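Enquirer: One line per chain: the protein sequences are A and B, in this order.
All the letters of the first sequence, read from the start, carry residue numbers 21 to 370 under my numbering.
All the letters of the second sequence, read from the start, carry residue numbers 465 to 752 under my numbering.
You may find that some hints are simply not true.
Claimed, not checked - If you want the footprint, here are the derived chain B segments under chain A, 3+ residues with CB under 8 Å: (1) 472-480; (2) 492-498; (3) 733-743.
To be verified - The calculated lysine to any residue pairs, modelled on SDA-like cross-linking and capped at a C-alpha distance of 25 Å, are: (4) B:743 <-> A:235; (5) A:213 <-> A:132; (6) B:649 <-> A:336; (7) B:743 <-> A:231; (8) B:548 <-> A:334; (9) B:641 <-> B:544; (10) A:243 <-> B:544; (11) B:548 <-> A:337; (12) B:747 <-> A:138; (13) B:548 <-> A:213; (14) B:548 <-> A:326; (15) A:233 <-> B:743; (16) A:47 <-> A:35; (17) B:747 <-> A:139; (18) B:743 <-> A:136.
Hints are computed from structural coordinates only; laboratory data are not their basis.
Fair warning: this is a prediction, and the values are worked out from it, not measured in the lab.
For every residue, glycine included, the Cβ atom is placed at its ideal position computed from N, Cα and C.
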Amino acid sequence: MKKNNLILYSGILIFGLAAPFLFPAFKVQLSILCVLIVLATTWNIQGGEMGYNSFGNILFYGLGMYLCASVQVGMFFPLAEWTESGGEKTFVHTPAQFFQGMAVGLIVAAVVPTIVAGLIGYSILGLRGHYFAICTLGLGVAAGEISGGIEIIGAGQGFTTPPFPEVGSLDSRGEFFYFLSFFVLVLTFITVKGIYTTRFKLILNAIRDNEDKAEAMGIETMKYKIIGWMISAFFCGLAGGIMGGLVGYIDSTDVAFDGREMGVFMVLMAILGGKGTLWGPIIGATVFHIFKEGFWTFFLGWQYVALGVLIVVIVIYFPEGIMGWLREKYPERFGEVVDEKDRKAQVELK
Amino acid sequence: MISVQACLDGILLGILFALIAYGMALQWGVMNIINIAQGDLVILGGYIAYFMYLYGIHPAWGVIVAPVIMYFVGIVIYKLVINKVVDRDLFISILATFGISILFMQLMNFAFGADVVLANSDYGTTMLFNNNVVLPNSKIFSAFISILFAICLVIYMKKSKLGRAIRATAQNARAAKILGVDTEKVYAATFGINAALCGVAGALISITFTIHPYMGLPYTIRSFMIVIVAGLGNLPGVAMSGMGLGVFEEFADYILGTEFRIGSVFLLLVLILVYRRFKLSRKREYLK
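Generate the whole structure from the sequences, applying the supplied hints.
Expert: Quick look at the structure:
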C-alpha cells in the first residue's frame, strides 16, 4: 500500500514537471488548472471538512491578487502614476526588479489575507449554516464594489500588472508561471495531506458533524475554525497573486473579486469531486477545467447559461460528487469494512 | 433640505424593498428556502413592464401584467428545480438558486441587452417646501401600489383557504399534511406568489428607477437583510426595516458617493449579521 502510493505520487510529480514540455501549447491552461486545484482544495478545508460553506474565499483571492501586483509595482515605482498611465508605458521593470518584486509580493499576498482571515474570523465564524454562507457572499461582493471605487489601484478602469521581462531572446513566461503555480500546488497538497492525518482534521470533522457537542467535549471550536479559515486564506492569497501575474490585468469585479465566476467555481469543483475528501477537489477541478475549456467554445456567448445549468444539475443530481459515487460503488477501496450478510439483506430488501 | 430629500426618497424606496422582502419572508417561512434568484425575478418583472412601454402601452399596467406572468414563471421554476431541494440541506438550496440566478442574469442579458433602461411613466414631479424638495410622482405612485399589494396579500393570507393552508404549512408541514393539506401544491403556490410579488416590485422599479440584467443580487441581499432584521412573520417589522434600509442607502449615496452605494449595502449586511451574532452569543445561542 505504502509503496503503491510512493509510485503514484512520484508519477504525478514527474508528469507535473514534464507537462509544460509535453504540451507546450497548454502552458497557460495548465497553470490555471494548478490554481483552480489549489482553490478547490483549500475551499474544501472549511467547506467540506469543517462544514462552513463559504462563498467568500474569493475575498482572499482578490486581496492576494491586488496586494501582489501593488507590492511588485510599489517597491520600485510610484503606484499612483503607474495606474494612471495604464502601466507599462512609462515604467519598465528590469528582470531582477521583476523577480524581486514578485517574491516579496507573493509573501505579502499570502500573509496579509491570513491575518485578515484571523481578524474577521472571530466575528464571521460565529455565524452558522446559511447565515455564514450569505454573510461571506456579502463580504466578497462588498470587497469587489469597494475596491472598484479606490483610485490608487485603478478604480473602474483596472490595473495592469508588470509584464514579464524578456531575458535575452528566450520567452519563458509560460514556464515561469507554470512552475510557480505547480510549486504552490505541491505545497498545498503536502500541507493538506499533512493536516488530514492529524487530530486537527478530526476536530474539523467533529465541528461539521455537531458543533455544540464538540464544544461540550472540551474542544475550543472557535480556535480551530479560525485556524482552518486562515489556512484557506493563506493559499487563496498565494493563488490570487499568481493568477494576477498570469492574467496580466486586474479588474475589481471581473478578475479579482469575481464572485460570479471564480467564487462559484471553487465551490462547484469541490462539490463535483466530492466534499470532505482529499482527492475529490483535485479530481473535480481537473474534470471541471477540462469540461470548461473543451466545451466553452461550443457555447460561445452562452457560457454563463451553461454554467447556471451545470450548477443546478450538479447540485440536484450529483451532490455527493465523483468520490462519493466511487465510495458507494467500491466501499472496500476506501477501507470500509462491508458486512457481507448486511449487504445481502439490503439487496433482498430492495 | 438635502437630508429631508434623502429621507423621503429613502422611505419611498424602502417601501418597495419591504415588498420584495415580504415575498422572501413568505417562502423562507413556508419552505425554508433562501432564494438567491429573488433579485433576478424582480429584474425580470421590470423587463416585462419595460417591454409594454416599448410597445406603446403605459408601463403602469405592468403592475397588473407582470405578476400574472411571473406567477407562472415561479411555478415553472418550482416544478423544475425547487421541489427537488425543498427538504435538503439549506446550502444545497442556496447553491441551486445561485445557479438559477446566474442563468437568469445571462438569459436576460441576451434577450434584452446589457443597457441600463427605464420605462418612462410621464407622471411629472411634486415640489415641496418652497421647491427645495423634489419628489417624482412615480415614486409616490409606486409606494402607494406596493402598500396596496401588501394589504391585499395580508387579507388574502388571513381569509382565503389557500392562505390558511400556507400558514398551516409554515407552522408545521407534517401536521398540515396529515390534516389533508396538499403541501406540494402549497409550496408551488407560495413560490408563485413570491415570484408575482417580485414581478410587481420589478415593474415599479422599472418605472421609478433603472433596471439592468446584472442588478439582481443587491435586491436579494437587501431583502435578506430586511428579513433577518425584522424576523420571519413580522410584517410591521419588515415595513419599518425596509424604510430604514432605504434611508440608510440614500444617505450612504449622498455621503460616500454613488460608487460605494452597493458596497455599503453589502457591508451593512455583514455588520448586521456580526452584531446579531455577538448579541446572541452572550446567551450562548446562535442565529438559526
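Enquirer: Taking the hints in turn, state whether each one holds.
Expert: Evaluated hints:
1. Under the rule that three or more residues need a Cβ within less than 8 Å of chain A, the assignment of the segment 472-480 of chain B is violated, with 0 such residues.
2. Figure legend: the segment 492-498 of chain B, annotated as covered by chain A; annotation inconsistent (1 residues with Cβ-Cβ distances under 8 Å, at least 3 required).
3. For the segment 733-743 of chain B, the stated coverage by chain A holds: 6 residues have a C-beta nearer than 8 Å to a C-beta of that chain, and at least 3 were required.
4. Taking the CA atoms of residue 743 of chain B and residue 235 of chain A, the gap is near 19 Å; set against the 25 Å cutoff, the hint holds.
5. Of the supplied pair hints, the one linking residue 213 of chain A and residue 132 of chain A holds, its CA atoms being roughly 24 Å apart against a limit of 25 Å.
6. Simply put, residue 649 of chain B and residue 336 of chain A have alpha-carbon atoms about 21 Å apart, close enough for the 25 Å limit, and the pair holds.
7. Simply put, residue 743 of chain B and residue 231 of chain A have alpha-carbon atoms about 19 Å apart, close enough for the 25 Å limit, and the pair holds.
8. Annotation: proposed proximity of residue 548 of chain B to residue 334 of chain A holds, straight-line Cα distance about 12 Å (limit 25 Å).
9. With a C-alpha separation of about 22 Å, the suggested pair residue 641 of chain B and residue 544 of chain B falls inside the 25 Å cut-off, and the hint holds.
10. This hinted pair does not check out: residue 243 of chain A and residue 544 of chain B have alpha carbons roughly 42 Å apart, beyond 25 Å.
11. About 9 Å separates the Cα atoms of residue 548 of chain B and residue 337 of chain A, which keeps this hinted pair within 25 Å; it holds.
12. Between residue 747 of chain B and residue 138 of chain A, the direct Cα distance comes to roughly 24 Å. Compliance with the 25 Å bound is thereby established for this hinted pair.
13. Taken as a hint, the residue 548 of chain B and residue 213 of chain A pair is broken in the structure, with Cα atoms around 35 Å apart against an allowance of 25 Å.
14. As the CA atoms of residue 548 of chain B and residue 326 of chain A are separated by approximately 20 Å, the hinted pair is consistent with the 25 Å bound.
15. Using a Cα cut-off of 25 Å, the hinted pair residue 233 of chain A and residue 743 of chain B holds, with the two alpha carbons roughly 22 Å apart.
16. Using a Cα cut-off of 25 Å, the hinted pair residue 47 of chain A and residue 35 of chain A holds, with the two alpha carbons roughly 13 Å apart.
17. For a cut-off of 25 Å, the pair hint linking residue 747 of chain B to residue 139 of chain A stands: about 23 Å separates their Cα positions.
18. Between residue 743 of chain B and residue 136 of chain A, the direct Cα distance comes to roughly 23 Å. Compliance with the 25 Å bound is thereby established for this hinted pair.
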